Amino acid sequence: MNINKSKQDSYLVFQLEGDLDASSSILLDKEIKLALEDKSHDLLVDCEKLAYISSAGLGVFMSYIKDLETANMKLVLCSLSPKVYKVFEILGLNNLLKIVESKADAEAVLK
Amino acid sequence: MRLEKKGISRIYIAVMIVSWTLTAYFSFQSIHNSDAGVSTALSDALQNVFLGTFIVSTFLRFKLQTGGAVGYKFNELIWRGFVLGSTLLLSLFFVYMTMAVVDPDKILYNEESPNAIFINTYYLINMAFIIIFVANIFYIYKRMVMFQRSRNLLISWNIFEYLTLLSVFTIFWDIDFLSNTYFEILIVVSIFVFGLSVNLKWVAYMNFNQKLRSVFLMSFILIIGLIFATYIYEQYDLFKHTTHQNVDGHYLKINLGAKGIVLISFSFVLIYSVSGVLVLLFNLPTSSVFEQKFSEVLNFQRLSQSIKMGDKEEKIYTLLLDSSINTVMAEAGWLEIYSDQDKVEIKEIFKQNIGDENIKIMRQIIDISKHHGNDPYLIRNLRKLNLKDDTILYKYKSAIAIKLNTHSSKIGVIYLLKKVKDGFDKELVEALSTFVDQASVTIENNKLVREAIENQRIKEEMKIARSVQQSLLPNAEIKSPYFDLSAFSLPATEVGGDYYDTFKLSDKQLAVVIGDVSGHGTSAAFHMAQLKGVFQSLIQLDISPGEFMRKANMALSRCLEKHIFVTLSIHFINFETNTITYARAGHCPAILYQKEQDQIFTPDSKGLGLGILRDESYNQYIKSHKISFQSGDLLVLYTDGITEMRNSVGVELDYEGLESMVKGLALLSAEEISRKIKENLNKYCGEKDADDDRTLVVIKFK
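Going line by line, the protein sequences match chains A and B.
Residue 811 is where the first sequence starts when you use my numbering, and the numbers rise one by one after that.
Residue 3 is where the second sequence starts when you use my numbering, and the numbers rise one by one after that.
The set of hints was computed from the structure by calculation and includes no laboratory data.
These figures come from a predicted structure and were not determined experimentally.
Any given hint could be a false lead.
[Said to hold, decoys possible] As a list, the in silico DSS-like pairs of lysine-lysine whose alpha-carbon atoms are at most 25 Å apart:
1. B:405 <-> B:314
2. B:405 <-> A:896
3. B:608 <-> A:893
4. A:896 <-> B:421
5. B:405 <-> B:449
6. B:510 <-> B:534
7. B:362 <-> B:397
8. B:314 <-> A:896
9. B:314 <-> A:908
10. A:876 <-> B:553
11. B:665 <-> A:893
12. B:685 <-> A:893
13. A:884 <-> B:608
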């Protein structure tokens, strides 16, 4: 899986491409940890090209919920495919994480 | 066999004694006859017959004694020969002293007019000892000649030995071997003797000390032999020109020096002694090379055996370093072993005669990274490397570094240093290279064997783990008046993270739980066991499903690692009211098949998985729900390993796939449904290995 990083004003954009499985979740974990240490930015995770998410991937997101709150950093996920969204929904993470439809919606939230 | 040998030996000794006595008897008889003017022909003849018997029986006795398996104990043989010779010489000296005491004025032992009986007795005693000496040494030397013999050598020796023994028949005549008549025979004998005397292969197998010792011992044997030979000839000459009644007469009845067997055997003994002493002497300087080669071979053997004995790695490395240093006679050296993971970091260093400081310096100077390829990196002159700091080079002037590589791994590098320039010649480097290659293979094999044993052990442990985990699950089939339950749980590997369980809340109430620890494998399996503990404890409390989840969340939150969460779904089934009260904490939604409507109903509920919010803030995200069921309905619980299963083209089974399977089989018994679904799942994913744990629980309400 590739993570394409870009910077936009006050937030970082992670564009996820491919399958978020056990090995690529380690990569995502590292990136989020780096972003946290940097503190100043919010995070936008663009899941348009995310085909599949495993429990390891979910584990990464869930483990940073509290940390992001403490650091006063917003995390927004956008453009999830129906299949990927359903995974978040069944687990109940859709109530804990900010998930929006489109990238535009996400940008609006982060302004 | 030995007893037989001893018996025959005793017979020979008896014959020796008897024939010697008779030789003496007929000798005196001859003297008497001669004095009396009677013909001595018969007594002479008989004297010679018994003399011949004595000589041959002595030879045969020692042939018997020194025969047997050819071993390597030449030291012992030579020592025995030396002891015998010395003993005999001393004995004869003793006899001589006795004679000097008995006849101080040399009346009896008089060259001009000796007492015949006296001098002949004296001669006979000496003769016996001399014959014993030469016979014994003859056969001792035979064994040495025959060491590592070829077939031709065996034949040659046998011819020589039988000729020697058969020459006893010339005993009736006196042979002047220097005369022309016997010149051809002399040549033949010389050819045999010299030809046999070059068989000295045993010399190579002695170490320096043994060779040195043997030089002295064989020299003494030679000297003793020469003393005896001189005696024989002198004695005869001594009494030769004494006039007597017969012009051709002689005081001494026996002239050993003129007997073929004595001549031949003595010449062999003397020539072989000379040959042995010379070859031993000339081999002393090169002794160290042989010992070197021997120890090299031994080290090779030890090294290759070390894998069978399962020697510790450290022992092999130490052995390798020691042997390498010895092989090339280096002054110092060290062995670097890489760590398993990256093959660049040094895990261990074994060193000899050099300290850590100097190792660092020399390593930089030699710089093996500059040398590509696996052949030895030889630096003939370290000075030529143009270094800034020369101080270390006052010590070491040449060096060699060899990589311990097999075709599949880099084990390390061995460095050897010498205090002389160009100290590593081609032969040494080749020998070392072979040795290091062999060691590398051995080390690698050793590692593979250990790994294989460890893997086997781990496999066994996993098998045990699997059966233990299986025992944590309830019976696969439960039958009751109110329902039938059939379930299966298949971990992706030996153990997994799926869990299901049942608990009889009361006569008419059943609790069924199904759960899934995120991930799979050993780590998930441990949490699964915790999950069971949590369920079995909490279910005893009289609480609602929602409350159960809240408490379960608190309990598990303390046990789970950072990225791990658990999905769980619990159902309290009441057969009196025909209702199911349930809570779904992040787990896949249950499937309820309603028989009357012939439709699948998915009980909806919101609920967050466990271990995501690890405090009371979780409590608002879970709640209990209630639905009803009827007779003939099915409740199917499962884990996402089933719905996420992919077929050969990568299409997931998904919820719809499972639902339609359930609908299609709904009229069968619980057992048949679960069995058929299992079959269908196998068909769906084909031969592929499972990548997640799969669990299914089917409950058919009666």
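Hint check results:
1. Taking the CA atoms of residue 405 (chain B) and residue 314 (chain B), the gap is about 21 Å. The hint holds against a cut of 25 Å.
2. For the suggested pair residue 405 (chain B) and residue 896 (chain A), the alpha carbons sit about 57 Å apart, so the restraint of at most 25 Å is broken.
3. Distance restraint check for residue 608 (chain B) and residue 893 (chain A): the Cα-Cα separation of roughly 18 Å lies within the 25 Å cut-off, and the hinted pair is therefore satisfied.
4. Proximity of residue 896 (chain A) to residue 421 (chain B) is assessed by CA-CA distance (about 76 Å); at most 25 Å being required, the pair is judged violated.
5. Proposed proximity of residue 405 (chain B) and residue 449 (chain B) is supported: the alpha carbons are some 18 Å apart, at most 25 Å.
6. This hinted pair checks out: residue 510 (chain B) and residue 534 (chain B) have alpha carbons roughly 23 Å apart, not beyond 25 Å.
7. For a cut-off of 25 Å, the pair hint linking residue 362 (chain B) to residue 397 (chain B) stands: about 15 Å separates their Cα positions.
8. With a C-alpha separation of about 56 Å, the suggested pair residue 314 (chain B) and residue 896 (chain A) falls outside the 25 Å cut-off, and the hint is violated.
9. Note on residue 314 (chain B) and residue 908 (chain A): the hinted pairing is violated, with a Cα-Cα distance of about 58 Å set against a maximum of 25 Å.
10. Simply put, residue 876 (chain A) and residue 553 (chain B) have alpha-carbon atoms about 20 Å apart, close enough for the 25 Å limit, and the pair holds.
11. Taking the CA atoms of residue 665 (chain B) and residue 893 (chain A), the gap is near 23 Å; set against the 25 Å cutoff, the hint holds.
12. Note on residue 685 (chain B) and residue 893 (chain A): the hinted pairing holds, with a Cα-Cα distance of about 24 Å set against a maximum of 25 Å.
13. Of the pairs offered as hints, the one joining residue 884 (chain A) and residue 608 (chain B) holds, with about 24 Å between alpha carbons and a cut-off of 25 Å not exceeded.
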